[in-house]
Each structure stands twice: as C-alpha cells, then as structure tokens.
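Peer 1: Heads up: the sequence shown at position 103 corresponds to 114 in the working numbering, and the numbers run straight through without jumps.
Hint data in this document are derived by calculation from the structure and do not stem from the laboratory. Note that the structure is a prediction, hence the values are computed from the model and not measured. For every residue, glycine included, the Cβ atom is placed at its ideal position computed from N, Cα and C. Hints may be right or wrong, so weigh each one.
[As the list claims (entries may be wrong)] The list that follows gives simulated cross-link-like pairs (lysine-lysine, DSSO-like), each with its CA atoms no further than 30 angstroms apart: (1) LYS43 <-> LYS69; (2) LYS59 <-> LYS21; (3) LYS21 <-> LYS57; (4) LYS69 <-> LYS59; (5) LYS57 <-> LYS43; (6) LYS69 <-> LYS21; (7) LYS59 <-> LYS43; (8) LYS21 <-> LYS43; (9) LYS57 <-> LYS69.
[Said to hold, decoys possible] Now the in silico label distances, taken between C-beta atoms and shown as ranges: (10) SER111 <-> ASP64: 25 to 35 angstroms; (11) TYR112 <-> GLY65: 30 to 40 angstroms; (12) PRO67 <-> ASN108: 36 to 46 angstroms; (13) LEU104 <-> PRO67: 40 to 50 angstroms; (14) PHE16 <-> THR126: 11 to 21 angstroms.
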Amino acid sequence: MALDFVATYKVLVLGDSNVGKTCIVHRYCDEKYYDTYISTIGIDFKQKLINLDGVPIKLQIWDTAGQERFRTLTTAYYRGAMGILLMYDVTNLESYNNLSYWLRNIQEVCLVNYTTINIHTCVHNCKHKFS
12 MALDFVATYK VLVLGDSNVG KTCIVHRYCD EKYYDTYIST IGIDFKQKLI NLDGVPIKLQ
72 IWDTAGQERF RTLTTAYYRG AMGILLMYDV TNLESYNNLS YWLRNIQEVC LVNYTTINIH
132 TCVHNCKHKF S
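Could you put together the complete structure from these sequences and hints?
Peer 2: Have a look at this one:
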C-alpha cells in the first residue's frame, strides 16, 4: 500500500556544473552512489517520501543543470520552490565564488518565501582545498 502524503514540497538543487548535484540527489532519493560524472541536460527531478514529525511529506527534488547554456532554462523551474540547496565544490574556488550569482538569480526569480542551505562537496582530490 502506498503511503499517503499530506503535502508536497519542491526543493531545488543549484550550483555550477560538476559540483556533485546529481550525485547527492541520487544518493538521497535512490540510495545509490555513482563515482562517474553524470551531466544533467536541462533539468531532472526525483521524489522522496519522508516522515516529518509524524507527518508524511513528499519531496520533489529538482536537479538542475549547472552549465551556463542551460541557466535561462532552469530559472523557469524556480517558482514554487520551498527549499533551495546551493552546492559548490571545495576544491573549485570558482564554484564557491559563483554562489553569489546563484543567490542573486534566486532573489530575482522566486516570489515566495524559501529557505536556502549551502552544501559543500568534494568532487575531486580533497587534499587541495582552498582557504
């Protein structure tokens, strides 16, 4: 029997290309880990049913493409998001510096209240972190 849910929450996963967005989404939703790079073309989404304080909730997790050529396409999906995960790779200073772009972009497009969480990943050799 399928679990009935009370509400659906849309969560966006944003950040530059190759910072681990798709990997995190697959790990959380499918409990699978891929150690090869998977490039998202446009946008993809997965669903996960969770129990939040005894209340069944459906999360729609939208995995966006980080490549610049897809950025105007992905902003169309920002509306209605209740949560936004901003990701960057600690070994890639540019991906960290670009968080300001993503925040500005979110503020321009989103019309409702939302919560953002910054997540740092280590996609490549984590011994070479920037300070």
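Peer 1: Take the hints in turn and mark each one as holding or not.
Peer 2: Consistency of the hints with the structure:
A C-alpha spacing of about 19 angstroms is found between LYS43 and LYS69, which places the hinted pair at or below 30 angstroms, so the restraint holds. A distance of roughly 11 angstroms separates the Cα atoms of LYS59 and LYS21; the hinted pair therefore holds under the 30 angstroms criterion. At most 30 angstroms may separate the alpha-carbon atoms for a hinted pair to count; LYS21 and LYS57 meet this at roughly 10 angstroms. For the suggested pair LYS69 and LYS59, the alpha carbons sit about 6 angstroms apart, so the restraint of at most 30 angstroms is met.
Straight-line distance between C-alpha atoms of LYS57 and LYS43 comes to about 13 angstroms, which keeps the hinted pair within the 30 angstroms bound. Annotation: proposed proximity of LYS69 to LYS21 holds, straight-line Cα distance about 9 angstroms (limit 30 angstroms). With a CA separation close to 14 angstroms, the supplied pair LYS59 and LYS43 stays within the 30 angstroms bound. A C-alpha spacing of about 21 angstroms is found between LYS21 and LYS43, which places the hinted pair at or below 30 angstroms, so the restraint holds.
Taking the CA atoms of LYS57 and LYS69, the gap is near 10 angstroms; set against the 30 angstroms cutoff, the hint holds. Range check, SER111 to ASP64: about 34 angstroms between beta-carbon atoms, so the 25 to 35 angstroms window is met. As the Cβ distance of TYR112 to GLY65 is approximately 39 angstroms, the hint placing it in 30 to 40 angstroms holds. For the pair PRO67 and ASN108, the beta carbons lie near 39 angstroms from each other, so the given range of 36 to 46 angstroms is met.
At roughly 41 angstroms, the beta carbons of LEU104 and PRO67 sit within the given window of 40 to 50 angstroms. Evaluation of the 11 to 21 angstroms hint for PHE16 and THR126 yields a pass: the beta carbon distance comes to about 20 angstroms.
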